[in-house]
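Number of protein chains: 2
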Amino acid sequence: MQTQMLQSFPNRQWFYVKRPVGRVTGEHFDLRETELSGALAANEVVVKARYISVDPYMRIQQHERNTYDVPHPLGIVQRAGTVGQIVATNSDKFKDGDWVLGYNGWQMFAKCHASEVQKLDSDAAPVSTALGVLGMPGRTAWFGLMEAGRPRPGETVVVSGAAGAVGSLVAQFAKRAGCRVFGIAGGAAKCDFLVDKLHLDGALDYKKYQSREALSAEIVRLTNGVDIYFDNVGGMITDAVIPNIKLRARVIICGAISQYDGGLDEPDLGPRFLQHLLFQRATIQGILARDYTQRMDEMTKIVAPWVRNKEIVFEETIVDGFEKLPECLNSLFEGKNLGKLLVRV
Amino acid sequence: MQTQMLQSFPNRQWFYVKRPVGRVTGEHFDLRETELSGALAANEVVVKARYISVDPYMRIQQHERNTYDVPHPLGIVQRAGTVGQIVATNSDKFKDGDWVLGYNGWQMFAKCHASEVQKLDSDAAPVSTALGVLGMPGRTAWFGLMEAGRPRPGETVVVSGAAGAVGSLVAQFAKRAGCRVFGIAGGAAKCDFLVDKLHLDGALDYKKYQSREALSAEIVRLTNGVDIYFDNVGGMITDAVIPNIKLRARVIICGAISQYDGGLDEPDLGPRFLQHLLFQRATIQGILARDYTQRMDEMTKIVAPWVRNKEIVFEETIVDGFEKLPECLNSLFEGKNLGKLLVRV
Chain A
0 MQTQMLQSFP
10 NRQWFYVKRP
20 VGRVTGEHFD
30 LRETELSGAL
40 AANEVVVKAR
50 YISVDPYMRI
60 QQHERNTYDV
70 PHPLGIVQRA
80 GTVGQIVATN
90 SDKFKDGDWV
100 LGYNGWQMFA
110 KCHASEVQKL
120 DSDAAPVSTA
130 LGVLGMPGRT
140 AWFGLMEAGR
150 PRPGETVVVS
160 GAAGAVGSLV
170 AQFAKRAGCR
180 VFGIAGGAAK
190 CDFLVDKLHL
200 DGALDYKKYQ
210 SREALSAEIV
220 RLTNGVDIYF
230 DNVGGMITDA
240 VIPNIKLRAR
250 VIICGAISQY
260 DGGLDEPDLG
270 PRFLQHLLFQ
280 RATIQGILAR
290 DYTQRMDEMT
300 KIVAPWVRNK
310 EIVFEETIVD
320 GFEKLPECLN
330 SLFEGKNLGK
340 LLVRV
Chain B
0 MQTQMLQSFP
10 NRQWFYVKRP
20 VGRVTGEHFD
30 LRETELSGAL
40 AANEVVVKAR
50 YISVDPYMRI
60 QQHERNTYDV
70 PHPLGIVQRA
80 GTVGQIVATN
90 SDKFKDGDWV
100 LGYNGWQMFA
110 KCHASEVQKL
120 DSDAAPVSTA
130 LGVLGMPGRT
140 AWFGLMEAGR
150 PRPGETVVVS
160 GAAGAVGSLV
170 AQFAKRAGCR
180 VFGIAGGAAK
190 CDFLVDKLHL
200 DGALDYKKYQ
210 SREALSAEIV
220 RLTNGVDIYF
230 DNVGGMITDA
240 VIPNIKLRAR
250 VIICGAISQY
260 DGGLDEPDLG
270 PRFLQHLLFQ
280 RATIQGILAR
290 DYTQRMDEMT
300 KIVAPWVRNK
310 EIVFEETIVD
320 GFEKLPECLN
330 SLFEGKNLGK
340 LLVRV
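From first to last, the protein sequence lines stand for chains A and B. Quick note: the first sequence uses numbering that gives the first Met the number 0, first residue 0, plus one each step. Quick note: the second sequence uses numbering that gives the first Met the number 0, first residue 0, plus one each step.
Because the hints were derived from the structure by calculation, they are not lab data. As the structure is a computational prediction, the values presented were derived from the model and not from experiment. Yeah, the Cβ is synthetic: ideal placement off N, Cα and C, and Gly gets one too. Some clues are possibly wrong.
[Stated by the list, open to error] Chain B side only, calculated, beta carbon under 8 Å to chain A, not exhaustive:
1) 94
2) 98
3) 101
4) 237
5) 279
6) 280
7) 283
8) 285
[What the hints assert, rightly or not] Here are the simulated distance ranges between beta carbons:
9) 6(B) x 220(A): 50 to 60 Å
10) 72(B) x 70(A): 52 to 62 Å
11) 16(A) x 65(B): 45 to 55 Å
[Claimed, not checked] Chain A stretches covered by chain B per the calculated footprint, using a threshold of three residues with CB under 8 Å from any CB of chain B:
12) 24–36
13) 99–112
14) 223–237
15) 285–299
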């Protein structure tokens, strides 16, 4: 299926050019207009981006030291998950117009080997869900809760960042597992979303509490103790939850977004709390989506029907405009969005 | 076997009378001379103490708030594990002179039901080991390492408080499991003990390092990364180890002795480090000996022959004198002793 092999594509690319110290701003990225040749080797395809992902992990990779990866190199296109369509193909596996999931980064066009992209069925679910509930964030939520959390009916689950891409799914998965679920989020609108749309048992607006002690007291009042704490944020919220864990509690560290812009290199100080793990014989476990990539079938079998039947809320915040990518990445750390943040291009 | 039922015993008892805020001193305990009647109900025995235990957990129970227990009540004899001999019996199970393990507290004589004490075979192992390597500290070390740590040959294990009652056993169990083992302890004498007597792969005197950064750098130099960290001490030592954990590391929280005299009520501040759990998909787990009480047979089957054949070092620091009990408890927090601290009475 060779198509238009000598065509070229007017590309736009966001290069990552400077390591941020605190928040991400325009100076850390450089928008370049380039030309992508349409000359294709065997099994190559060209993908035109339609949805480009911004995710908190990107900020971790911008740290100078090794984190869970070596640092994202400077001077290359910002890496990112993308959903797009095939616009040129030298592979039997794809035809023009096919929707695909890839890891093509912040660019309008990408040339890659057919094995690097995965075909999406746009009838089965909205294609954007491949970057959300049926993709990396969904996998994080599902395996993080199910494998590290081991929820049991009747248990009490607290989720921080509960209105976010991962947290909103964890909260719903935990409800389906028969748990009492409480979400922590910033602001009344998010808390209303948690209670009214996700039907959680309660929500807590952390911005209303100035101290760990006050937040902790409210967590006790609301939950009467925590069996599973799914943590996306770290910092003061986590400090407030940990003293309220119950016997044999499981704490899942999925993220520490409050610490990403600076705190990973120069750690904040917080109260020591490991003694609570001793008292309660509890566990804290860090998890990453990548460890479960080979097990997506397990999750898809269960969650895809929920998505198809609209039995689960998978909120998306969609921003239009390729040029908005850096500011969208930054907005993740300002807690402005509900659900999965995507840039439509 | 009714013996001397109308005899009475001139008892000495240490009553716990005041909650300490920092270190334990004389004012927190009251030594009383009382008379214990020898009148025995069916199946009762009188035990004369010979070895009385002082353990770090006692200081945890002195906190005003719930920890893993409700606080130790004021105005009663300090609870403690004891090894003693039957001096009066109204039970078929025991005869005068039998050695028994009990939980009779800081007193010279105790009357209890025969079911509350456990007969010891003084030929099989020194009776004092029932309070050490073959008792609670040994159980903590064995199940903490084997169950929570899951050591694999070739892995790198770091033990804090490595010259202590639990740590010195963990270190040896880990060597037997085929691991590279490094001990952290305070002072050259303890470090020599770790290398010369326990044959560890290295020892680190934490007192030589003034900052977390310096200690951390030395841990990296020595170990090149940590698969299992068995933590008895918490505080700065733990802060220094955590950033050096390897992928899928297991951290076992057995104690946090650096925090016991004050830090449990009013937590110290330390650097936040949960992101390292995320990066490494690592686990922190709190463990307590009591959770494995019903599985002592598993451990005894393996460890008792090592004790009998002197294949394992079970160092004891023995202090003579019932009146020394409070100061001995306090000395645990000054890091003065090697191995298990016992008071012989």
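Hints and how they fare:
For residue 94(B), the suggested interface contact is broken, since its CB lies about 39 Å from the closest CB of chain A, more than 8 Å. The beta carbon of residue 98(B) is not positioned within 8 Å of any beta carbon in chain A (closest approach about 31 Å), and the interface hint is therefore violated. Because the smallest distance between the Cβ of residue 101(B) and any Cβ of chain A comes to about 25 Å, over 8 Å, the interface hint for this residue is violated. Taking 8 Å as the C-beta contact cut-off toward chain A, the hint placing residue 237(B) at the interface holds, the least distance being around 7 Å.
Checking residue 279(B) against chain A: minimum C-beta separation of about 6 Å stays under 8 Å; hint holds. The beta carbon of residue 280(B) comes within 5 Å of a beta carbon in chain A, closer than 8 Å, and the hint placing it at the interface holds. A hinted interface residue such as residue 283(B) counts as satisfied when its beta carbon comes closer than 8 Å to some beta carbon of chain A; here the least separation is about 4 Å, so the hint holds. Against a cut-off of 8 Å between C-beta atoms, the interface hint on residue 285(B) holds, since the closest Cβ of chain A lies about 3 Å away.
In this structure the hint that residue 6(B) and residue 220(A) lie 50 to 60 Å apart at CB holds, the actual value being about 57 Å. Separated by about 55 Å at the C-beta atoms, residue 72(B) and residue 70(A) satisfy the suggested range of 52 to 62 Å. Taken as a hint, the range 45 to 55 Å holds for the pair residue 16(A) and residue 65(B), whose Cβ atoms sit roughly 54 Å apart. Restraint check on the region 24–36 of chain A versus chain B: 0 residues with Cβ-Cβ distances below 8 Å, three needed, restraint violated.
Remark: the region 99–112 of chain A is not confirmed as covered by chain B, as 0 of its residues place a Cβ nearer than 8 Å to a Cβ of that chain, below the required three. Given a C-beta distance limit of less than 8 Å, the hint that chain B covers the region 223–237 of chain A holds, as 4 residues qualify and 3 suffice. As drawn, the region 285–299 of chain A meets chain B at 4 residues by the rule of a beta-carbon pair under 8 Å; at three or more, the given contact holds.
When the structure is compared with the earlier hints, violations turn up for hints 1, 2, 3, 12 and 13 and for no others.
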